[in-house]
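Asks: Chain residues, written in single-letter form:
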Amino acid sequence: MTIDVSHGSASLACAGTKSGKTRRFAVHTVMILLSFLSIFPIYWMIVTSLRPENEIFSTSLWPSNPSLENYIFVLTRIPMIGLLINTTIVSAATALLQVVTGLFAAYALVRWRMRLSGVIHGLIALSWLVPFQVTMIPNYVLASRLGLLDTLTGLIVPNAAHAFAILLLYNAMRSFPTEILEAARIDGARSWKILWQIVVPNMGAPIASLSIIAFISAWNEYFWPLLLSRKPENSVVQIGLQMFMTQEGNLWGPLMAAAALASLPILIIYLVLQRHVIESFMKSGIR
Amino acid sequence: MTDIQADLARPLSVARAPAAARQRGTFTVVPWLYLAPALCLLMMWTYVPLVEAFQLSFYQWNMLPTSPQRHVGLTNYQRLFALPEMRAALWNTLFYILGLFPMSVIIPLFVAIWTQDLEGRARTIYRALIFVPMIVAPVVAAILWRWLLNEDQGLVTLGLETVGLGRIGFLTDPKYALATLTWITGWKLIGFSTLLFSAANAGINPSYIEAARIDGASRWGIIRDIRLPLLSPTILLLSMMTILFGAQWSFAYINVLTNGGPLKSTTNIFYLLWEYGFQTMSAGWSSAAGMIAFAGFAVIAAGCMWLTKRFAVYDN
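Here the protein sequences come in this chain order: A and B.
Oh and the first sequence: position 81 is 81 in the working numbering, straight run, nothing missing.
Numbering-wise, the working numbering comes out as the position in the second sequence, counting from 1, plus 1000.
Certain hints may be false.
Distance condition first, Cα-Cα at most 20 Å in a straight line; then the derived DMTMM-like pairs of lysine to aspartate or glutamate [said to hold, decoys possible]:
| # | chain 1 | residue 1 | chain 2 | residue 2 |
| --- | --- | --- | --- | --- |
| 1 | A | Lys21 | B | Glu1119 |
| 2 | A | Lys21 | B | Asp1117 |
| 3 | A | Lys283 | B | Asp1315 |
If you're looking for bench data, these hints aren't it; they were derived computationally from the structure.
Every value quoted in this text rests on a predicted model; they were computed, and no experiment measured them.
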């Protein structure tokens, strides 16, 4: 016994010695490399966007005389502000609708024990596995029949319900104490009132997580807008960016400025809500 | 079983309050009203289109509303299987998925284990930095790497030249384009996967590690016999995500950067679907290829779930 203990403390003591220091150094090296790899492309985007035209191919780590001329060029060449407003509308509406449809569906599955709830749960979960590229042609035909081509509504509606949203809220709601729901029901409260006055106020954290993830995913969405949009002024910023790249692909300064403007709102959200954003994504896995 | 519970509850609630009885009258309708928005949307935009795509795969149609759809039976499928394009796209899909594994599973797993004693401020800063690529839009990521890897003035190209390696056509040489796109797809995942593994690794009960150490287990022995088995649910989850969604994640990069080229070397199955559908306007081919992809991935998904059930070790 005593031998075992000393063995254990011996290995602990090692941590403070030379080999421990080398290890610490190695650990930091790995993490610094990984951080550099993750952040440098974004840093380089910002630096390039601030370089005046005659300095664009310079490899200095900071422009010698930073200027905003690239940003001005972008703002005059493409309707960037309009695109950003459109994208904000689409992302906010998508997030809001996913929360509402998700809350309703999760509430129905948690509160009522229906004979079909297993089937419905499966149907919702399986819809996640259908690749969008498989259903895109019928979706496109449906959207054009409904007159949704080249509209913001068309970008929002097909994403207004998502398996991920329903399942996230369902799992959060399942841990809600049923006694409280039962008590409210016996008091004669209507299901509508129970949902808004008892369930929703207690679901702040999962609703916030879902809103963050849904907003960022909608902001970054590319494929469906690519099919639906015709004119840049009716579209979202990702499409504007892609069109700008196709037209002015080698104007690196303005291109980086456009990319920076397109990611600015997301980066601001990340700076402000950093811990919440990381935790939301981690708790719910990959979308 | 739930019905039995409902029956047992019935006499009680009837005795207690008429309100409860009234509510039982609406028992079957109300939950469906709550489910309706989500179910209608999923039906309208996922399941009905899936069935329609299945039907379309037996037709020839150029996607113009005015032109007729001609029934051709299994011809679409026969043609597709005979096409070298399709076979190349399937191989490329496999390459994307296998190429993603080091970046979405293997490296993050070992980085997470290797850096587990990091604490305090340094840890928070690393976490904040390596997560960033995850929230960068795919189009932005594509543009960033297009600039860094540019053949004339990109920073990576200039760097390689100073080392004396010469220029590489990362996106224009068929030998490298597929690997480049896989790298960009993986760049977005590597930090996030590391964070997931770190969280799972930190959740391992330290008394197991302590017990093994007291028994004289080596560092590698502890990793092999305790950490890896207890991390297996996360390993399997991320592997499954990579297999099922990896090829889909790369779509935006293919579309923005290479359009499937050079020489079709970066076309995967999902890009092929898009090309058939919206470039060559052959809805039948696209749908048939879509059905093949869907069936293939469904089989793989079922296999993965079986593997998870069979091999994942949970610490209860």
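Asks: The structure should be examined with respect to each hint, and the outcome stated for every one.
Replies: Structure-based check of all given hints:
1. A:Lys21 x B:Glu1119: It holds: about 15 Å lies between the C-alpha atoms, which stays within 20 Å.
2. A:Lys21 x B:Asp1117: Distance of about 13 Å is within 20 Å: holds.
3. A:Lys283 x B:Asp1315: Within the cut-off at roughly 18 Å; holds.
Violation of the numbered hints given earlier is absent; every hint is satisfied by the structure.
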